[in-house]
Amino acid sequence: MRLGSLLSLVLFFVAAALAQSTLPHFTVADHHGSVTLLGRSPSQSKTTVIPTVLVPVTLSFVANPANGRPATLSSLSAVPAVLHSPVFARFGFSDSEHTQYADALLRSAVHHAAGWHTLLGSPAVHPLHITIPPRAGYLLSDGRTGGKMAILDVEYLERRIFAQLPSEKGKLFLIVTPNAAYYTWSDATICCSWGAHGIDPATGDSFVLGTYLHAAPAIVKEQDVQPLTQQLAEFVLDPEHNSLFHGDYAHAPGNHFAAWKNPVTGRCSGTGIGSDYFLLEPTDVNLKNNFPFSKPYFASTAARMYHLQNVALPFWYGASSKSFRRQHSFPDAQILAASAQSCQSATQVSPGTLVATSQIIPKPIGKMRHEHQLIGYWTGEDSTGALFPLHDVSPQWDNIIVAFAAPVSGGPEGALRFTLPQGISSRQFKSDVASLQQQGKTVMLSLGGGGEFFKLDQSAQVPVFVQSVEHLVAKYGFRGIDLDFESPSLDLAPGDTDFRHPTTPSIVHLIAAMRQIKAHFGPKFLLSIVPEGSQVPAGYDTYGGQFGSELPIIYALRKDLSFVDIQDYNTPPMEALDGEIYQSHTVDYHAALADLLLHGFYVGGNRAQWFPPLPASKVVIGFLVGYAQPSVVSDAMRYLMTGNAPVGTHYRLSNSYGYPHLLGAMFWNIDMDRRQNYKFSNLIGPQLHHFAVQP
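Numbering-wise (this note's numbering), the sequence shown opens with residue 156 and increments by one.
The set of hints was computed from the structure by calculation and includes no laboratory data.
The model shown is predicted, which means the values in this text are computed figures rather than measured ones.
Certain hints may be false.
Straight-line distance between alpha carbons at most 30 Å, and here's what the computed DSS-like set of lysine-lysine pairs gives [unchecked claim]:
#1 477 to 596
#2 773 to 443
#3 585 to 324
#4 201 to 376
#5 773 to 834
#6 773 to 518
Using the sequences provided together with the hints, build the complete structure.
Okay, here's the thing in structure tokens:
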């Protein structure tokens, strides 16, 4: 397009200062909204050079001296490779584009004058050393290759980095970490990303934080600068991003578009450049809590082959072709064949509307006496607000856990409330609970829930909690209670290092409270706990903060607990007993996490702290409807109960005959299973109920 035509478009470019930023930028605006990009107006035939500081980071992990594991990773040796990569060196992306990665990306995104360029300047190098305490991450080791991989709190790292770096106005900090994946919001269940970018709110400095992968474990599929170029690309396309923002991402600083779906998974993923939480690209295909992966763009230079990130351009997100070039992706212009599909919010129904009848009939359960249980959570309504009464639950479910009794907002600490969905009366609900339990079912009440913050820091709060729980149990006739206090509710306090003798007030007081409740209702009253993966299995990798935080509770209440069901779906990549690294949604992962509880393990690698195994009859495997595949769930349960590994399984159970007394499987949630035509309960229920334990 000629410059004259460019200037005649119905748009304008605004050069205004970013809040707290001194980097050059411009805004492209049209009737679809506005998009801010790095650099100066593309209508000018000028080259803009962005002064850059390259920050290689060395990570030191505060490891237990008894575990003998290497505790340091460094990206210092990666500096030459980064400098010679297309991040800084010119590369021939096409016959007409022999330039840096970021410049070629911008020139692919917007209509521009012939001589318009935005380049990263030759960087100064400023190494940093950051110490990672147990609460902020852990180090994984691949037993086959020896490769190391860190799982880190990206917000902790950003804050520590900018507490050390001298502020450099008008410069871009390009921060390179070694072999690291990240979780956000300081919650290890919100994993995994390759880094962060934007404006640090404490200093106003602009930055790109990404990892460089070298000799990484085999389970990590990306290589060299691909993760770094992902974060660089997203910064170039969204320089006002604030990676420390908590809240509704549709109102976060930066560029916004209509909510879009990942074209591979079909899931709603974000409203900006990159996905919410994880800053993943529409080209990424990894499942929740797994290491990111997308097909790389190969850049062969005289020195070596580099792997670059394929990214979506503004036109893919819905920006106007009058403002932006009609190209969906870069560097591979064909990897995204069509524009983004938008996400539609669920239409809310009128109060009292019942859920639609499923196309498939739930299977009858037959005999009620069986050793294994299908356990599920019931919320009483679906995403549209349609009611799903308790009496309509499929007969395959043996234990229905009602979600949730949550902390009273603005009330005294320890007080819990339970509110039925509008349209389900207390009388009907109590009748349904009694009816199900007369049929041999179990109905329990879950306390807490995701996103609810709970603590019992003061001993005076214990009676409030106990009385609140006892009142709800007595009112509705529940047979037990389930603890679902997720991070950061029960995070270990600094200095609390021995699960056998906890000192964190909330944990100590909760243990005391649970013993009181159990004593009040008697020996037949059920207690269960549903930890996130970070709260129990991750205690094998490290111990502190959220990692291993519920081990003290399980250990103290091991005689009183009826079962423990790990949320395998709320779990980052972890190291197993065989020294290998596994990630979720595989038979290997489910087997490896279960084996930790069934075999026992040294907490945080400390051979002075052995967490003893739980009886198989008290262990339940937790799955997420919507992410789990029925065939994988079935294979995992068969392997765990029989020891017969499916083809392709790598992890070998500590007990080669399996665990035939394994209690069963848990699902979040029962209504999601109903909406998917009972594809889990109709398969896994009969599998569990018909499994015969050999004498």
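Hints versus structure:
1. 477 to 596: violated (62 Å)
2. 773 to 443: Holds, at about 27 Å.
3. 585 to 324: violated (64 Å)
4. 201 to 376: violated (39 Å)
5. 773 to 834: holds (25 Å)
6. 773 to 518: holds (26 Å)
Hints 1, 3 and 4 from the list above are not met by this structure, while the remaining hints are.
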